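S.K.: Sequence:
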Amino acid sequence: MRVHALLLAVLLTLSASAAVPLPSSSDRWLALTAGEFRIFSNVSPRQTRQLATDLLRMRAALGKLTRLNLDSKLPTYVFVFRNGRTFAPYRDALIGRENVPAAGVFLAGRIANFMIMRADEEGGAGRVIYHELTHHFLRNTVGDPPLWLNEGLAEYYSTFTAKGGNVSVGLPLPQHVKWLRDNQLAPLEDHFAVDRQSREYSETPRQVAFYAQSWALVHYLLHGPRDRHDQLGQFIEQLRAGKSHEEALRTTFGTDYAALEEELRSSVRKRTFVPMTYALEELQVPAVGEATPAPRDELLYALGAMFFSNRGTEAEAEALLIELRRIHPKHAEVHALIAHLHRQRRDALAAEVSSERAVSLGSQYVFAYVEYGRALVACGEIARARQLFEHATRLDPNDAYAWAQLGATYVGAPGDVTPGIAALEKSLSLEEAWGDVTLNLIQLYARAGRREDARRLSEIAIRGTDPEVTRLSLEAIWRVQLRMAEEQYEAGQHAEAIETMRVILARTTEARVKAHLQKFIRTHDENVERERQMDALRAVIATSKAGKVAEALRLLDALLPTVSDDAMKKNLEKLRRELGSRSR
15 MRVHALLLAV
25 LLTLSASAAV
35 PLPSSSDRWL
45 ALTAGEFRIF
55 SNVSPRQTRQ
65 LATDLLRMRA
75 ALGKLTRLNL
85 DSKLPTYVFV
95 FRNGRTFAPY
105 RDALIGRENV
115 PAAGVFLAGR
125 IANFMIMRAD
135 EEGGAGRVIY
145 HELTHHFLRN
155 TVGDPPLWLN
165 EGLAEYYSTF
175 TAKGGNVSVG
185 LPLPQHVKWL
195 RDNQLAPLED
205 HFAVDRQSRE
215 YSETPRQVAF
225 YAQSWALVHY
235 LLHGPRDRHD
245 QLGQFIEQLR
255 AGKSHEEALR
265 TTFGTDYAAL
275 EEELRSSVRK
285 RTFVPMTYAL
295 EELQVPAVGE
305 ATPAPRDELL
315 YALGAMFFSN
325 RGTEAEAEAL
335 LIELRRIHPK
345 HAEVHALIAH
355 LHRQRRDALA
365 AEVSSERAVS
375 LGSQYVFAYV
385 EYGRALVACG
395 EIARARQLFE
405 HATRLDPNDA
415 YAWAQLGATY
425 VGAPGDVTPG
435 IAALEKSLSL
445 EEAWGDVTLN
455 LIQLYARAGR
465 REDARRLSEI
475 AIRGTDPEVT
485 RLSLEAIWRV
495 QLRMAEEQYE
505 AGQHAEAIET
515 MRVILARTTE
525 ARVKAHLQKF
535 IRTHDENVER
545 ERQMDALRAV
555 IATSKAGKVA
565 EALRLLDALL
575 PTVSDDAMKK
585 NLEKLRRELG
595 SRSR
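Taking our numbering, the leading residue of the sequence shown gets 15, the next gets one more, and so forth.
Keep in mind that a hint or two might mislead.
Unchecked claim - Below, in silico cross-link-like pairs of lysine-lysine (DSSO-like), each with a Cα-Cα straight-line distance of 27 angstroms or less:
| no. | residue 1 | residue 2 |
| --- | --- | --- |
| 1 | Lys-559 | Lys-583 |
| 2 | Lys-284 | Lys-192 |
| 3 | Lys-87 | Lys-440 |
| 4 | Lys-562 | Lys-588 |
| 5 | Lys-583 | Lys-562 |
| 6 | Lys-583 | Lys-533 |
Honestly, the hints are just simulated from the structure, not real lab data.
Remember, predicted model here, so these are calculated numbers, not experimental data.
Build out the structure end to end from the sequences listed, making use of the hints.
M.R.: If you want it as structure tokens, here you go:
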């Protein structure tokens, strides 16, 4: 640790300011775990349990009707506020605007998923949360489905209700029913082509139409002929496999745009948007326990992690996390999150202090080890950094960035580079991000003698559109070819190697590589010239010994002007005088 790190650690205890008030220690917050949901609420225990039960029922209903992956590797934190006054500051901070008429917000984060909602909004919060939860489960299952399907399913399941002994989904949405009654459907080919950049999605009047038609189509596919319901999953798989909507329609539904469009129009004209209803006993819903007082440190951490996960609310995150660090200085993950916030502000030393603390306390967050490892690399402590990166990859074998940092420690370091190659290949297999990872892998391939792999990866890299990446990729190619040329030179293939080096010298833009090549080529040329001169001198001596003194003098006179070495020049001039005296 550097000398002024202790002073910095003291400075880091200063409080951050933010628009969101810290939860008061006098507030009565409850906590309850229901499956992957960890619920914090400042409503009554009965309301808290009912909300938890409804979330599990909605999740079970999704499982009953779909093949969506409902299992999440991350926890989902739910914050329930008693009224709009307590809810609004958190909502406005997350959305980035004030007085937005939203009763709930869902946020998918790196370390957890988060939901906030107000309890006094009749039906409103539930619909928003169920809509966003459906998006979340869709992402778990199919990544990024077509927009019409994503929004249509989310609207369909947003109507989830639980009354008496039954639960229902797919209830009529009055605003969509009204739009469908008063307007014409868009051609399905146009509707399927809408994406997030389309005016149909970004402009409010058009968006209303898009949501209504998407909801109607999903409702028809799930409630229409049984084969349509069964074919929907196959249709999605076809799209994921790269098939166009037209191909997928033909191969799964056995129809085309026009025919499916007519089926949908016929369904809309009937306006029979009947929900699906299940008896609660049909759903496997685990029992929900009692709500208990929420530990203040856990509440502060969950809220801090939420703002940490949302771009633009770093100040809110820091205020909560610094308060938590004050009351719980040995909370490893608080130090990890604070370290990451410092890194975002490009405060490298502060990030080092906090990440070292997080690691020493046994953080389970990958980025804590990556942050501290990067700080050690900057200090030249490669071996220790490599151990931290290795630990990070064990914590999460699917973290591409951790693998990339591990592989980078082998670039420029002595020894076997095979583990570095494996790490960088793993990183690229997880996330196709060209840049430093690719360039580092090209260099390690070259060091390992895997010339064809280096050349292949270089050719792929330079197809990118980023001019800087292209330039760096080309430089990587020149470095690979330079290493090959040097090996060629060492094997005695001097002419071929030097020719390659001259080409690289004309193309590279790196000053260090240019200087190296200029020196190498100059030394080679001097050696070649010296060898030529020695060959010429040997010819002079052999000719002289054969008694052909005049011929020897002619050869020597041709040699002398080409010699620049003073000592050799003096010796040759002395030899000429001796031969000249013999010729007289």
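S.K.: Between the alpha carbons of Lys-284 and Lys-192, is the straight-line distance 27 angstroms or under?
M.R.: holds, 13 angstroms
S.K.: Assess, step by step, whether the Cα of Lys-562 is no farther than 27 angstroms from the Cα of Lys-588, and give holds or violated.
M.R.: holds, 18 angstroms
S.K.: Quick one, are Lys-583 and Lys-533 close enough, alpha carbons at most 27 angstroms?
M.R.: holds, 24 angstroms
S.K.: Please verify whether Lys-87 and Lys-440 have alpha carbons no more than 27 angstroms apart.
M.R.: Within the cut-off at roughly 21 angstroms; holds.
S.K.: Between Lys-583 and Lys-562, does the CA-CA distance stay at or below 27 angstroms?
M.R.: Distance ~22 angstroms between Lys-583 and Lys-562 Cα, so the pair holds.
S.K.: For Lys-559 and Lys-583, compute the direct alpha-carbon distance and say whether it is at most 27 angstroms.
M.R.: Holds, because 21 angstroms separates the two Cα atoms, which is no more than 27 angstroms.
Consistency note: the structure conflicts with none of the earlier hints.
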